Amino acid sequence: GAVVSQHPSRVICKSGTSVKIECRSLDFQATTMFWYRQFPKQSLMLMATSNEGSKATYEQGVEKDKFLINHASLTLSTLTVTSAHPEDSSFYICSALTSKNEQFFGPGTRLTVL
Amino acid sequence: QKEVEQDPGPLSVPEGAIVSLNCTYSNSAFQYFMWYRQYSRKGPELLMYTYSSGNKEDGRFTAQVDKSSKYISLFIRDSQPSDSATYLCAMITEAAGNKLTFGGGTRVLVKP
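The listed protein sequences correspond, in order, to chains C and E.
Take the first sequence: its position 47, counted from the start at 1, is 47 in the numbering used here, and no numbers get skipped.
Take the second sequence: its position 38, counted from the start at 1, is 38 in the numbering used here, and no numbers get skipped.
Isolated chain C, as found in the complex (with noise of 0.2 Å):
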């Protein structure tokens, strides 16, 4: 299958810091990335819809201007978690679209808030 990268796979920072998170097709272009967080247990929980050379739809509840979206090329999307909180500490996983509709997802950032 297609590959899917993140970096960093993981992430210690300070309450009040900006944290981005690179997420890149490897071995194809992807017009389509999709972010999403999953707590500990929990299903994934899609947070927004990235769009290459448009802006990302947000999913409803998240804050746009908390996640910030930048999906600069069709191998690249990140997302910057902004004035980051402990709140916000959870596990971001991107997914890529191909153009046979099959996402595949990269193996995700653990974000710890201190």
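To be clear, the hints were calculated from the coordinates, so they are not data collected in a lab.
Since the structure is predicted, the reported quantities are computational estimates derived from the model, not experimental observations.
It is possible that some hints are incorrect.
Stretches of chain C that chain E covers, calculated by requiring three or more beta carbons in the stretch to come under 8 Å of a beta carbon on chain E [as the list claims (entries may be wrong)]: (1) 40 to 48; (2) 84 to 97; (3) 105 to 111.
No more than 25 Å apart at the CA atoms, straight line, and that leaves these computed lysine to any residue pairs for SDA-like [stated by the list, open to error]: (4) K20(C) with K100(C); (5) K42(E) with I12(C); (6) K2(E) with E94(E); (7) K99(E) with E59(C); (8) K100(C) with P8(E); (9) K14(C) with E94(E); (10) K41(C) with P8(E); (11) K100(C) with T50(E); (12) K70(E) with E57(E); (13) K70(E) with A96(E); (14) K67(E) with T98(C); (15) K42(E) with G1(C); (16) K20(C) with P8(C); (17) K55(C) with V19(C); (18) K64(C) with N98(E); (19) K64(C) with K100(C); (20) K42(E) with E22(C); (21) K70(E) with K42(E); (22) K41(C) with A95(E); (23) K99(E) with Q6(C); (24) K42(E) with S20(E); (25) K2(E) with S53(E); (26) K55(C) with Y71(E); (27) K70(E) with A95(E); (28) K64(C) with T101(E).
Think of the CB as a built atom: it goes at the ideal place given N, C-alpha and C, for glycine as much as any other residue.
Given chain C's structure and the hints, the job is docking chain E onto it.
Frame of chain C, contents of chain E only:
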């Protein structure tokens, strides 16, 4: 009622047994059906992808889709301890922007 229902398990089977997983759904507009495997603290891994009723086989995995009954299944033959994970069914419609609608996941434990 959730759009996609999936038994959370846990489902415990002995090594070598067949693992049988299923999901039911209510939205007849779903077009594509997927099964993902997720290990703890990892991203989901796409196992099977189907878009029509019937069976699809890939190695030890067989996916079944019955659109008339709104029911999908995943069978894992000759199960191994390394198959112990959470299995997620997921469905999409192009009209909804290809957003995945997940089942809640079934935790599977294959005992050696």
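Status of each hint after checking the structure:
1. 40 to 48: holds (count 3)
2. 84 to 97: holds (count 4)
3. 105 to 111: As far as the stretch 105 to 111 of chain C goes, the hint holds, because 5 residues have Cβ atoms under 8 Å from chain E.
4. K20(C) with K100(C): 29 Å, violated
5. K42(E) with I12(C): Distance of about 18 Å is within 25 Å: holds.
6. K2(E) with E94(E): 20 Å, holds
7. K99(E) with E59(C): Distance ~11 Å between K99(E) and E59(C) Cα, so the pair holds.
8. K100(C) with P8(E): 29 Å, violated
9. K14(C) with E94(E): 40 Å, violated
10. K41(C) with P8(E): 10 Å, holds
11. K100(C) with T50(E): It holds: about 11 Å lies between the C-alpha atoms, which stays within 25 Å.
12. K70(E) with E57(E): Given that 25 Å is the threshold and the Cα spacing comes to 19 Å, the pair holds.
13. K70(E) with A96(E): Holds - the C-alpha atoms of A96(E) and K70(E) are around 18 Å apart, at most 25 Å.
14. K67(E) with T98(C): Given pair K67(E), T98(C) holds - Cα atoms ~24 Å apart, limit 25 Å.
15. K42(E) with G1(C): 16 Å, holds
16. K20(C) with P8(C): 9 Å, holds
17. K55(C) with V19(C): Status holds; Cα separation ~20 Å.
18. K64(C) with N98(E): 20 Å, holds
19. K64(C) with K100(C): Cα-Cα ~29 Å, so violated.
20. K42(E) with E22(C): 16 Å, holds
21. K70(E) with K42(E): Violated. K70(E) to K42(E) sits at ~29 Å, over the 25 Å cutoff.
22. K41(C) with A95(E): 30 Å, violated
23. K99(E) with Q6(C): This hinted pair holds, its Cα atoms lying about 20 Å apart.
24. K42(E) with S20(E): Cα-Cα ~23 Å, so holds.
25. K2(E) with S53(E): Given pair K2(E), S53(E) holds - Cα atoms ~22 Å apart, limit 25 Å.
26. K55(C) with Y71(E): 36 Å, violated
27. K70(E) with A95(E): 18 Å, holds
28. K64(C) with T101(E): Roughly 21 Å separates the two Cα atoms, so the pair holds.
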